[in-house]
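Whenever a hint applies, use it, and build me the whole structure from the sequences.
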Amino acid sequence: MQTKLKKMTQSSVFSVAVIAVAMILVMRIIRDNYFSANNIIALLKALAVTTIVGVSQMISIGSGGMNVSIGSTGALSAISAALVMQNYNVNPILAMLLGLAIGISCGIVNGLLIYRNGGVGVASFLTTMATSSVFTGITLIMTQGRGVAKVPKEFVAIGNTELGPIPTSIFFMIAVVIIFWLFFRYAPAGRRILAFGANAKAAELYGVNRFKCVLLVNVLAGAVAALAGMLVVMRVGSAQPDIGSDWMLTSFAVSLMGGTRQAGGKVNAPGVILGGIIMTVIANALVHLGADVYWTQLINGIVILGIMALDQLKNIKK
Amino acid sequence: MKKRLKSLVQADLFSVIAPIVVLSLALSCSTKGFLSQYNIYSNFQQVAIYTVVGLAQMMVLSLGQMNLAVGSVGCLSTMVFGMAMQNLSLPAVVCMVLTCLTGLILGCVQGLLVTKTRINPFIISLSLLSIYKGVALVITKGVPYSELRESFKALGSLKILSLPASFYAALVLCVLVFILIRYRKLGKKLLACGANRTAAIYSGINYTRVVITGHCLSGLLCAMAAILQISRFGSAQMSIGDDWMMTSFVVPVLGGTLLSGGKVNVFGVMFGAVLMTIIQNSIVLWKFSPHASQLVLGLILLLAYEVDRMRRNLMKRQSTSAALKKEADK
Chain P
1 MQTKLKKMTQ
11 SSVFSVAVIA
21 VAMILVMRII
31 RDNYFSANNI
41 IALLKALAVT
51 TIVGVSQMIS
61 IGSGGMNVSI
71 GSTGALSAIS
81 AALVMQNYNV
91 NPILAMLLGL
101 AIGISCGIVN
111 GLLIYRNGGV
121 GVASFLTTMA
131 TSSVFTGITL
141 IMTQGRGVAK
151 VPKEFVAIGN
161 TELGPIPTSI
171 FFMIAVVIIF
181 WLFFRYAPAG
191 RRILAFGANA
201 KAAELYGVNR
211 FKCVLLVNVL
221 AGAVAALAGM
231 LVVMRVGSAQ
241 PDIGSDWMLT
251 SFAVSLMGGT
261 RQAGGKVNAP
271 GVILGGIIMT
281 VIANALVHLG
291 ADVYWTQLIN
301 GIVILGIMAL
311 DQLKNIKK
Chain V
1 MKKRLKSLVQ
11 ADLFSVIAPI
21 VVLSLALSCS
31 TKGFLSQYNI
41 YSNFQQVAIY
51 TVVGLAQMMV
61 LSLGQMNLAV
71 GSVGCLSTMV
81 FGMAMQNLSL
91 PAVVCMVLTC
101 LTGLILGCVQ
111 GLLVTKTRIN
121 PFIISLSLLS
131 IYKGVALVIT
141 KGVPYSELRE
151 SFKALGSLKI
161 LSLPASFYAA
171 LVLCVLVFIL
181 IRYRKLGKKL
191 LACGANRTAA
201 IYSGINYTRV
211 VITGHCLSGL
221 LCAMAAILQI
231 SRFGSAQMSI
241 GDDWMMTSFV
251 VPVLGGTLLS
261 GGKVNVFGVM
271 FGAVLMTIIQ
281 NSIVLWKFSP
291 HASQLVLGLI
301 LLLAYEVDRM
311 RRNLMKRQST
321 SAALKKEADK
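Line by line, the protein sequences are chains P and V.
Oh and the first sequence: position 24 is 24 in our numbering, straight run, nothing missing.
Oh and the second sequence: position 109 is 109 in our numbering, straight run, nothing missing.
These are calculated hints, taken from the structure and not from any lab test.
Don't take every hint at face value.
Claimed, not checked - Pairwise CB distance ranges (calculated):
1. P:L313 / V:R209: 21 to 27 Å
2. P:T3 / V:Q318: 36 to 42 Å
3. V:M315 / P:E154: 36 to 42 Å
4. V:L88 / P:I29: 24 to 30 Å
5. P:A187 / V:S30: 53 to 59 Å
6. P:Q312 / V:R182: 34 to 40 Å
7. V:S30 / P:I93: 46 to 52 Å
8. V:L88 / P:A175: 44 to 50 Å
9. P:W295 / V:Y207: 33 to 39 Å
10. V:V175 / P:V26: 55 to 61 Å
Stated by the list, open to error - In silico SDA-like links for lysine to any residue, alpha-carbon gap of 20 Å or less:
11. V:K141 / P:R116
12. V:K159 / V:K141
13. V:K141 / P:I299
14. V:K263 / P:N117
15. V:K316 / P:R116
Given the structure is predicted, the values throughout are model-derived calculations rather than measurements.
Cβ coordinates follow ideal geometry from the N, Cα and C atoms, glycine included.
Here it is in structure tokens:
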């Protein structure tokens, strides 16, 4: 029991949790209305998107790669879903499925190209950087740079209904986290992806198929990114082509803070929620404290570098 | 004859020069604007900036690493330039030196973090991208510096033989970098570290120092690109560097630098920059939607990877055939 407790307190996720709780308490002391229903709802809505974005990146990092096209995949899916609803009055559920299908297609494109460029390591970064530009280009051409304002109420309601102080988008987040927690823990495909991420060559010698692995990872990451994009539309009520433009750093920060190993092979889906809480609370705190928007970028960068440094310090101590 | 043709096709720069020639011919036949003096002038201004940005990335690529923060280093250096000139009203030369120093220091920070901490270099670069940009935003609150000295603005529109002065500056930088890579010890060390880190360390190279130097040079070149961009705009703007990340990868790869490190082609960077500029110019001249340019940029990058792979395979084949020949000679 004691060793278990010791092990728990030494894990990096534990220190992230402590930081998260401390930040929330400090905010509560500074602002009396921090726990007001409005603020909690706003926090939870932002948390849902941030966490799902982090899960998408977690899948890629776990396989030993990375994906910088999450934002553009999310934007393309969300814009497509919004456009078919506005122009052809498509049923919201069907539109959502279409959005997911677009996300999966983006994932397939990414997977095929990453495999062609080598499959592991920097290949995934370089490839997704290029495809990200392509997806953004398609989004811009489809919308001519304008947002889609006429999003049906029924679609918005899917993620933006409040059950007491809990918005429905949180249930999507919980579902995604549980699915991927189970997937990486119990599903053979999930185990194969992690093995591939830990040591691609060894995994291949054990019979893991590189092509299937890379393709599956990117399809899953694309689908999750598409969901995140559509949740943003539900939250905001309109679809802007710049959805996801700031997801690159967020996605890495959230997933790495949550205990995903940088080099791949180890993921922690519930931990991603903790990372999400930290990023959301920081963003929310900057608004509450009346800081300039300019600070956001600087602080995000410092936070991720700081957390990574903390992680390394612990490794050295061991 | 056939053999000669084959070697020409296989030559490093063929894959970038051929599309340049074809595109320029097509553009000059189908549009009036392409060969106009103004268009040529502004294209060469763009070439100069792309070249220097490409060189900055090439320095780090030669180490087998990446610098995602090129744009942010450029942005922060721009802000230093603007402050030095507008708020402190220092002479132009001092401002330029200060800007270069800023770039050097920012690059040095990245090099130190990469070598001294064990954090993933990609994550370091990514967070510095955000931190540098954030610092620039916090310092200036996004307000551009537009009251620059007339003498500096004149430099931006200076013409020599109807080409912009910035192009000559880029050319000189290319030559300097070429000498550094080809004839100085440091260049060889950079390439050795990029080609095979372990082998480089075992042959007595101070890996840490070489990596830091590479990052410093990269930061310095970013700052120089920023100066060229300021002189083109005539004001020090926040947006400088926003679109450099993709460009910085496209340009050297088109010009024959291997992404995996260990092989660079300095003048290839300039040809890569020319190709990039002509493609972007063609989007404007052929009246495609301006929104298409992002799409095209991504497609070019994907194409550049194909070229990169072809080149790698070629190198592999050549080395195996050379080895086989040696065996046979024995």
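Is 44 to 50 Å right for how far apart the beta carbons of L88 of chain V and A175 of chain P are?
-> Violated, since L88 of chain V and A175 of chain P (Cβ atoms, about 57 Å apart) do not stay within the stated range.
Distance restraint between K141 of chain V and I299 of chain P, which requires alpha-carbon spacing of 20 Å or less | Between K141 of chain V and I299 of chain P the Cα gap is close to 15 Å, so the pair holds against 20 Å.
Supplied distance hint 21 to 27 Å, evaluated on CB atoms of L313 of chain P and R209 of chain V = holds (24 Å)
Within 34 to 40 Å or not, the Cβ separation of Q312 of chain P and R182 of chain V?
-> 37 Å Cβ-Cβ, so the 34 to 40 Å window holds.
When you take the CB atoms of S30 of chain V and I93 of chain P, is the distance between them in 46 to 52 Å?
-> holds (48 Å)
Within a Cα-Cα threshold of 20 Å, do K316 of chain V and R116 of chain P meet the stated pairing?
-> holds (17 Å)
55 to 61 Å as the expected CB spacing between V26 of chain P and V175 of chain V, which holds or is violated = holds (56 Å)
Is the straight-line distance between the alpha-carbon of K141 of chain V and that of R116 of chain P 20 Å or less?
-> violated (43 Å)
Take a quick look at whether K263 of chain V and N117 of chain P sit within 20 Å of each other, Cα to Cα.
-> holds (18 Å)
Measure nothing beyond the straight line between the CA atoms of K159 of chain V and K141 of chain V; if it is 20 Å or shorter, mark the hint as holding.
-> violated (34 Å)
Between A187 of chain P and S30 of chain V, does the C-beta distance stay in 53 to 59 Å?
-> holds (56 Å)
Given a hinted range of 36 to 42 Å, is it respected by the beta-carbon distance of T3 of chain P and Q318 of chain V?
-> violated (58 Å)
In this structure, the earlier hints numbered 2, 3, 4, 8, 11 and 12 are contradicted, and the remaining ones agree with it.
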